[in-house]
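A.B. asks: Chain residues, written in single-letter form:
Protein chains: 2
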Amino acid sequence: MSFSSSLLERVVQELSRLPGIGKKTALRLALHLVNTPAGEVQQLSDALTALRNEMKFCKTCHNISDQELCNICNNPMRKKQVICVVESIRDVIAIENTQQYSGSYHVLGGLISPLDGIGPDQLKIDALVERIETEETEELIFALNPNIQGDTTLFYIHKKLGDKKITISTISRGISFGGELEYADEMTLARSIQNRQPVTQYVGMRG
Amino acid sequence: MSFSSSLLERVVQELSRLPGIGKKTALRLALHLVNTPAGEVQQLSDALTALRNEMKFCKTCHNISDQELCNICNNPMRKKQVICVVESIRDVIAIENTQQYSGSYHVLGGLISPLDGIGPDQLKIDALVERIETEETEELIFALNPNIQGDTTLFYIHKKLGDKKITISTISRGISFGGELEYADEMTLARSIQNRQPVTQYVGMRG
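Residue numbers (our numbering), protein chains in the order written: chain A, 281 to 487; chain B, 281 to 487.
Excised from the complex, chain A in its bound form (with noise of 0.2 angstroms):
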């Protein structure tokens, strides 16, 4: 692409670095940006520098933070003695956003990968293990995905948290809201019938 102008060269240079966004998409925005109110871009560009100075990650669950502790943490209506264990923020902001959920989290930063090179030193699963102890924690409820790092790593803290007295439980697999039999695969259609349900149990969840 040949630009009669370095600043906005610059520009389309700088965005199509962030993933999904390629130089035609870059142009876009920036031709967006020209025809903004420059208020309104130094809002944007403000933005952007205080996320990355001024981020913190909680001392306790390692969520994306403003301060020491995040603001689920912090929060005494919720419950600390039941520990959710996911993978990134992502899916902290995913489960957050059900509202069926009044327990803490502990964000692992990643999953065990060895081919990608990942350990368990890598991530924060000591930190886990030290906080159910001095949490006293009751109810450790897995939502990995559902893949052989979700599983590898799973497997890797329950071993390691030996014959500790809580409950340990893994969001259930199964059929989707609003899928088709039809078109499930076999591994989930196989899990959702050895694991099916009493129907009292959905009457009441749906009522």
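Hints are all accurate, no fakes.
Pairs count within a copy or across copies, as identical chains cannot be separated in the list.
Derived pair list, reagent style DSBU-like, types lysine-lysine, alpha-carbon separation capped at 30 angstroms:
(1) K339 to K304
(2) K445 to K339
(3) K359 to K304
(4) K304 to K360
(5) K404 to K303
(6) K404 to K304
(7) K303 to K359
Derived by calculation from the structure, the hints in this document are not laboratory data.
Given chain A, work out where chain B should sit, using these hints.
C.D. replies: Frame of chain A, contents of chain B only:
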């Protein structure tokens, strides 16, 4: 969406104002920035404000520029007697990318569109007429989008120029390279038959 960090929330809000970027994409970009070195985020942020605060529009062709005159108007190798009339900066970039044009441009900043409340006065049409008078222009090439607004603008400027002695043309319309006759619309196919080109010329272009 609920966030544990107001810094993150602010970035998602600002990014989702951009065209074609929704809340989910904005969150993906924001979480990418969280894991990007602070220096790179600063570069992006600086590039955005620099574009908006320092950019100028070329006083001759109204293209985006770093100085009073854009790189194209400033280039002594470009033919000043030939002016290509386009709607927007984006069209200049598209034509420059073909590397087939060595004249100058004139960016109208839009097309006449009474339904959208855009009349000739809001476009750089008077500036174009003045430029043709003072610069001894020999040829005017219209490269406007082939729709009602484009045609209206073309006819308006053509009438306004009266009987000035300059060559006026418009980019050719026809079947796209690689396109199939079968799927071309009737208007395009009819025009491409009316405006058929001698084969000698076609062979010459291919060679």
